[in-house]
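A.B. asks: Start from the sequences and build out the full structure, keeping to the hints where you can.
These protein sequence lines are chains D and P, in that order.
According to this note's numbering, the residues represented by the first sequence are 31 to 144, in order.
According to this note's numbering, the residues represented by the second sequence are 69 to 180, in order.
Treat the hints with care, since some could be wrong.
[What the hints assert, rightly or not] With a straight-line Cα cutoff of 27 Å, these simulated BS3-like cross-link-like pairs (lysine-lysine) come out: (1) D:Lys41 to P:Lys106; (2) P:Lys73 to D:Lys87; (3) P:Lys139 to P:Lys73; (4) P:Lys106 to D:Lys87; (5) D:Lys45 to D:Lys87.
Keep in mind the hints are simulated off the structure, nothing from the lab.
Remember, predicted model here, so these are calculated numbers, not experimental data.
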Amino acid sequence: GAGVSQSPSNKVTEKGKDVELRCDPISGHTALYWYRQSLGQGLEFLIYFQGNSAPDKSGLPSDRFSAERTGGSVSTLTIQRTQQEDSAVYLCATSLWGFNQPQHFGDGTRLSIL
Amino acid sequence: DQQVKQNSPSLSVQEGRISILNCDYTNSMFDYFLWYKKYPAEGPTFLISISSIKDKNEDGRFTVFLNKSAKHLSLHIVPSQPGDSAVYFCAASFQGAQKLVFGQGTRLTINP
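C.D. replies: Following this line, the structure appears as structure tokens:
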């Protein structure tokens, strides 16, 4: 498809397990962002990748969270030793480049930690 | 520290009338503002944006107004249609930090 693709769409896991979320960007988009939306909250920035530059990790809530972007394309967000407060919708967005460009979002992964 | 605020959690408007959604911000470094629309179980969809060098941008039924002195922006939808019922988020960014800072969202309901 032409849009941002995220998988899985839903993930239910037990507390303490590791999870990996995937984002396939729009072809040609060099900037990639991860956000999360907790219940009743706005979107919260997590991490930003731009080309080959070092990622902006300033939004990651703890060292249990990490992300990588291989070959400037697909990105994975990994949460280790999940906690119940990690339950949220995790959204990926991409844009042509970073400055003053609209970001286009995928439909997100709904993560539920039991 | 809520840098972008949408003080109305919900708004109800009659079909055909104007919908006005408001957003306030505190960081004077923001220079790019956007509005997104979100349906349940879908990601936000980009609607319209405005750079801080402008005070108005129009795209079809959607117009965004920016008042830099008041640190306020608004989205006008006219005429409102039932398909406009959704949650609307305003967002802001500045060149030094490409991440978007979002408001809490306003749920718009268009009544027939």
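A.B. asks: Could you tell me which of the hints above the structure violates, numbers in ascending order?
C.D. replies: none
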